[in-house]
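A.B. asks: Sequence:
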Amino acid sequence: MSNRPRLVLAGLSGGAGKTIVTLGVCRALARQGLTVRPFKKGPDYIDASWLGLAAGREASNLDPFLMPPEHVRGLFFEKSAGCDISVIEGNRGLFDGKDVLGSCSTAELARRLEAPVVLVLDATKMTRTAAAIVAGCAAFEKGLHLAGVICNRTAGERHRTILRQTIEHYTDVPVLGMLPKMPENPIPERHMGLLSNREHAGHAAILDTVADFVAHGVDLPRLTALAQAAPDMAPPAPGDMPLWPTPVLRAGDAVPPRIGVVRDAALWFYYPENLEALQRAGAELVFVSLLTPDPWPGIDGLYLGGGFPETMARALADNREGRERVLGFSRAGMPIYAECGGFMYLCRDLRVGDESFPMAGVFPLTTALCPRPQGLGYSTAAVRRENPFHPVDFSLSGHEFHYSRCLASLDGTPPPVPGPESFCLDMQRGTGMLHGLDGLLENATFAAYTHIHALGAPHWAGNFVAAAARYRDSRQNAAP
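The opening residue of the sequence shown carries number 1 in full-length UniProt numbering; numbering runs sequentially from there.
These are computed hints drawn from the structure, not numbers from a lab. The structure presented is a predicted model; accordingly, all values stated were derived computationally and were not measured. Think of the CB as a built atom: it goes at the ideal place given N, C-alpha and C, for glycine as much as any other residue. Treat the hints with care, since some could be wrong.
Claimed, not checked - Distance windows between CB atoms, simulated:
1) GLU168 to ALA205: 44 to 54 Å
2) GLY436 to GLN228: 46 to 56 Å
3) PRO235 to LEU101: 20 to 30 Å
4) GLU141 to GLU58: 48 to 58 Å
5) SER13 to ASP473: 47 to 57 Å
6) PRO238 to SER103: 23 to 33 Å
7) ARG385 to SER13: 34 to 44 Å
8) ALA81 to MET241: 16 to 26 Å
9) GLY377 to ARG31: 34 to 44 Å
10) GLY82 to ALA254: 28 to 38 Å
11) ALA254 to PRO373: 45 to 55 Å
12) PRO247 to THR129: 54 to 64 Å
13) ALA205 to GLY353: 25 to 35 Å
14) ASP318 to ARG128: 17 to 27 Å
Given only the sequences and the hints, what does the whole structure look like? Please build it.
C.D. replies: Take a look at the structure:
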C-alpha cells in the first residue's frame, strides 16, 4: 500500500466555477511549497494546460472512456508518486456520465480512486436549497465520499452566514469555503472553454490573482487534511495490462527514429502520455513549428496535434515553404499522424468567414469554420482499412470537438473525392469527416477529427515508431 494524498473538486454542472477554484487551490498550495500534481477528469486539453501551469507540474487527463479503467488508476498511481497532494478537477456535473447509470462520471472516477470529493456549489440566489442539494449529493451514490463543500458566487456576509448554517445544520458535510462573485473571469473564454495560455499573455500574474482569491475564502489547511486522510492505495496488480508500450527494438539501431511534433500557437493539443508513449516505444521527439520557414532537423515521422489553426490561418498560409515541406514529406511516404486541427492543416484550404487560406494540400478537401459545433463529445470508431498506426478491426475510443466541417471545394459542392475507400475509420459513435467516416489515409499520412489517448490505443505508439524506423531505413538504403 502507498500513501497518495488526493481529492476531487467537482461541480453540479459545467460553469459552476470549479476550474477557477481548482486553479486557485493548485497555485496557492504550490506557493506554500507543496508538491502538487494536478489531474483533469475528461478529455479537455486547455483546462489541463492551465492546471499544469498553476501547479508547476504537468497535468494528466484521467478519462475512463478514452482508456481502460485499470489504466486510469495505474496512471494516477504512477504520476502521483512522491507528491504532497494530488488535485483532480472533475468535469460537467458530479454524477453526469455517458448513460443513465453515470458511467464515466466524475463520481465514478472518485470511487475508483477512493478519493474524497469537495463540491464547488454555485450558490447564486439560493440559501436553504443549498443544504438540500448537498444532502442529495451525499446520499445519491453509494461509495462516494462527499467530504466538503465550497460555496461559490456568494452575494454578501449575510448570504454566506445563512448558507453555512443551513448546510451544517441539515448535513454532515463541512463547509470548507465561501467565495464571492468575481468581478470578471480573469481568464477569457471562447467556444471550447478557457482561452489557452498560449493565447493569453501574463498567465503567471493571472494565476496568482486566482490563488489569492481562493486562498482568502477557502480553508486550505482543512482541504489539505482531507486529502491526507484519503486511504492508502494499492499498486497496480502485476497481471494488469501494461500501461506503456513495449520498446520497438531493431537490431543495429544505434540512433532512435526521430519524430517531429508540431508545437506552436496553431497546434498544441497533445496528451503528455501520447508523447511519453512515443518516447517509451523508442522515438526521439523534436518540436517544430509550422508558423515560420526556419529549417527543421532531420525527422523520420511527423505528429500534428489539434489546436486552433483558424487563429493562425494567415501565418500558416504565408509560410509556403513550411506547407511545401509537409506535402513533400507526405508524398515521400513519411509516416504522418494528424488530429483535428492537424488534419485541417493537411487539407487544401481552410475557410474562415469569407476568407480562404491555402494549407498543405495533402488531402483534396477544404475545411470551413462554422458557428456551431460540427462534432462534439466522445466517439468510437472501428478500424476498417490497413494503415501504419492502428490494426484493422480494432475499436478506437476517442473524442471530437470541432467547429469545422469538410467541403470538397470552396463552393461547397458534394465531395466526389475522396471515396469511402480512402477512409480508415467507420464511426460507430460521433461525426467524423464525411458520411460517418473518419481517418483519411494518403500514402503513410493518416488524419482524423478523432482525438485518441495513447493509453487507450495500445498499438499506436509502437506502430508509429516502427513506421518511422522503416522510413528512415528506406531513405538510408536509397542513398547513393
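A.B. asks: Look at each hint and say if it fits the structure.
C.D. replies: Hints, one by one, checked against the model:
Checked against the given bound of 44 to 54 Å, the beta carbons of GLU168 and ALA205, roughly 36 Å apart, lie outside it. Between GLY436 and GLN228 the C-beta distance comes to about 49 Å, which sits within the given range of 46 to 56 Å. At roughly 28 Å, the beta carbons of PRO235 and LEU101 sit within the given window of 20 to 30 Å. Range check, GLU141 to GLU58: Cβ separation about 30 Å, and the 48 to 58 Å hint is violated.
Roughly 53 Å separates the CB atoms of SER13 and ASP473, a value that falls within the hinted 47 to 57 Å. Separated by about 27 Å at the C-beta atoms, PRO238 and SER103 satisfy the suggested range of 23 to 33 Å. For the hinted restraint 34 to 44 Å between ARG385 and SER13, the CB-CB distance of approximately 40 Å keeps it satisfied. Taking 16 to 26 Å as the suggested C-beta distance range, the pair ALA81 and MET241 conforms, at roughly 19 Å.
A hinted range of 34 to 44 Å holds for the C-beta pair GLY377 and ARG31, which are about 36 Å apart. Checked against the given bound of 28 to 38 Å, the beta carbons of GLY82 and ALA254, roughly 34 Å apart, stay inside it. Distance hint for ALA254 and PRO373: a CB-CB separation of about 48 Å, consistent with the stated range 45 to 55 Å. The hinted range of 54 to 64 Å is satisfied by PRO247 and THR129, whose Cβ atoms lie roughly 56 Å apart.
Separated by about 33 Å at the C-beta atoms, ALA205 and GLY353 satisfy the suggested range of 25 to 35 Å. For the pair ASP318 and ARG128, the supplied restraint of 17 to 27 Å is violated, since their beta-carbon distance comes to about 60 Å.
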